[in-house]
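Using the sequences and the accompanying hints, generate a full structural model.
2 protein chains.
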Amino acid sequence: MTVGELYGKLKDKSKWFFMERDIERIFSALRSSGDFWEVLDRSEVPVLLVSWLVGEFEREGLVEVVEEEVRLTEEGRRFCEENRIPEHRRLECPWCRGKAVHVEAYMKVLREFKRLVSERPKPLRQYDQGFVTEESTIARVVLMAARGDLEGKKVLVLGDDDLVGLALALTGAPGEVVVLDIDDRLLDFIENKAREVGFHGLEVRRADFRDPLSEDLVGRFDVFLTDPSESLPALRAFIGRGVVGLKGIGGAGYFGLTRAESSLWKWRELEKILVQDFGMAITDIIHDFNAYLGWGYEREMKAWNYLPVKSEPKGIWYRSCWFRIERVEETHLENAPIEGEIVEDDEMATA
Amino acid sequence: MTVGELYGKLKDKSKWFFMERDIERIFSALRSSGDFWEVLDRSEVPVLLVSWLVGEFEREGLVEVVEEEVRLTEEGRRFCEENRIPEHRRLECPWCRGKAVHVEAYMKVLREFKRLVSERPKPLRQYDQGFVTEESTIARVVLMAARGDLEGKKVLVLGDDDLVGLALALTGAPGEVVVLDIDDRLLDFIENKAREVGFHGLEVRRADFRDPLSEDLVGRFDVFLTDPSESLPALRAFIGRGVVGLKGIGGAGYFGLTRAESSLWKWRELEKILVQDFGMAITDIIHDFNAYLGWGYEREMKAWNYLPVKSEPKGIWYRSCWFRIERVEETHLENAPIEGEIVEDDEMATA
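Line by line, the protein sequences are chains W and B. Residues 19 to 369 in this note's numbering are what the first sequence spells out, letter by letter. Residues 19 to 369 in this note's numbering are what the second sequence spells out, letter by letter.
Treat the hints as calculated values from the structure; they're not laboratory data. Note that the structure is a prediction, hence the values are computed from the model and not measured. Do not take every clue at face value.
[As the list claims (entries may be wrong)] Computed footprint of chain B on chain W, listed as stretches where at least three residues anywhere in the stretch have a Cβ under 8 Å from a Cβ of chain B: (1) 118-131; (2) 214-225; (3) 290-301.
Using N, Cα and C, we set each Cβ at its ideal position, and we do this for glycine too.
Structure representation (structure tokens):
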């Protein structure tokens with residue numbers, strides 16, 4: 019059987035956007051691991067689609083679930099060989115783990131950050147929270163320094179379970195940091211710790227990104243960061259509020275986007291919005307820059323029911339790519355309220 | 019004086035797209051080095067614009083040219099401090115030099131490649147040639163392996179002074195490699211060396227990218243690579259021919275784009291074309307992935323007359339960011355001939 023034939027059998031049954039390449043990507047991941055969470059991570063195909071497809075592959079006799087592992091059958095291995103699907107290899111730089119920046123240049127900040135965040139609030143499913151490793155947070159700050167987005171800059175953080183605001187405070191470098199979040203526990207934590215380390219340019223405010231950005235924050239910042247829920251309406255809302263907060267041309271933004279909850283179809287739709295509507299150039303997309311720690315509510319997330327294997331993840335399995343964008347044209351931006359629930363779409367798995 | 023005030027003085031005199039940020043970027047680079055080529059490299063502002071601006075800064079008493087060096091004056095240093103413009107820091111990972119991939123995983127290929135290319139043809143100005151370090155070429159191959167774009171794949175290389183075709187041949191991994199170039203010297207070299215290493219899946223053909231892609235190559239490939247001249251018409255032509263060569267959805271492309279010859283305005287225009295017209299999602303943009311060796315015709319290039327310092331570069335000063343794109347929608351593509359000269363625009367400096 020060719021990949022094209024298998025795709026032909028399945029494509030009309032899928033409720034998700036899906037391409038032949040996704041079949042290749044999943045089999046390539048399956049050749050490299052039997053741990054389903056690792057397969058999810060390596061395949062770079064949306065979680066719900068992988069879960070459904072692995073069930074279909076099982077029906078086709080290409081994979082089998084044995085003792086909490088998803089394994090290729092004899093026929094599955096033949097399928098890979100006939101279609102020249104190689105074993106997945108990550109091949110990221112072993113030093114920076116593909117982050118491309120030199121986190122060790124901020125080793126003191128990293129060490130201090132690790133000490134400070136040990137009592138951080140636990141992630142809440144209600145707010146689609148789930149935070150990244152301390153190295154990921156500090157790498158964001160290092161990237162900002164490398165791109166001239168740190169020293170003396172006014173920085174807006176929209177949603178901060180990753181505690182970037184606190185990391186920024188630790189560097190002492192920004193001119194101003196404003197952290198917006200819906201969760202008072204986080205805001206209190208960040209405010210207290212920033213005061214503890216003696217940074218006085220940080221302000222926290224409770225905000226819901228369905229509401230317009232507060233008037234006094236509009237057009238005030240050089241840089242924003244956000245790590246949105248990945249429905250298109252939420253991406254547009256979070257990133258859009260950030261762009262509204264920028265001073266204008268030359269203003270920069272950073273945000274994360276996964277392959278686990280966003281197909282490349284969604285990537286492209288978002289990129290159209292960024293480039294066309296928001297007037298931004300995309301300057302960097304760093305693959306798997308952010309590594310997320312388990313958030314402790316895996317069993318409650320939407321994807322759990324779809325998983326072919328009901329074991330808890332053993333390590334990091336959820337990563338996001340990190341975008342940098344920079345404003346090139348003063349396009350017209352909306353700062354209007356958004357009605358209804360925005361953190362839902364067919365590809366979202368963790369909410 | 020603020021950056022905004024200086025910008026106000028200069029913006030109407032410039033014939034290039036130019037933003038306040040560019041002034042910051044140049045001063046940040048000037049704080050870190052007096053070598054003009056290093057300033058060009060670090061500022062990430064188009065070469066011709068930097069050259070012109072440095073002249074204007076000199077008139078303003080902010081910089082001075084002394085003994086082949088561009089230095090900040092006392093007033094220039096004060097300008098940086100008052101505007102909180104920090105010294106530029108590259109902060110790339112010292113191991114992979116910001117490439118994010120593990121080139122050492124292909125050490126044998128790299129070593130063999132270095133041996134083979136020692137007799138490569140010299141770059142010709144007539145074709146806007148200028149090649150990257152061997153590490154950059156092999157890093158492209160490693161990235162392809164990591165993204166599932168190598169093993170068993172049909173690969174089209176459009177223009178190959180970087181000898182990617184030969185590097186691909188050395189891995190033995192692709193199903194097929196077709197190299198197109200206008201320069202017979204390169205084609206002969208690649209063909210002979212590929213035969214020497216025993217790879218028989220490589221074909222070379224003379225081609226001019228102003229002509230349509232040959233019919234038998236249309237819709238045939240899984241992956242393409244190109245490193246175009248950076249006028250928008252040339253970018254559209256080179257990358258467009260590559261996309262026309264792809265099988266369709268799931269097909270991937272790679273290409274380089276600099277800040278030295280392309281403002282972020284041009285970046286955005288190109289990104290609109292990629293996303294909108296070509297139906298691609300941009301999956302990776304790896305900053306300064308490609309490092310170019312001096313091409314030996316610096317004195318003949320367009321920028322030379324504009325340079326405030328007429329010394330030859332001492333090291334690598336010209337880099338490009340490396341894009342990966344993947345086809346998501348079968349948009350309508352043109353494969354029509356293009357009339358006239360396409361490798362010229364106001365930002366281009368090296369042709």
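How the hints compare with the structure:
1. 118-131: The restraint on the stretch 118-131 of chain W holds, since 4 of its residues have a Cβ under 8 Å from chain B and three suffice.
2. 214-225: violated (count 0)
3. 290-301: holds (count 8)
Checked against the numbered hints given earlier, this structure breaks only hint 2.
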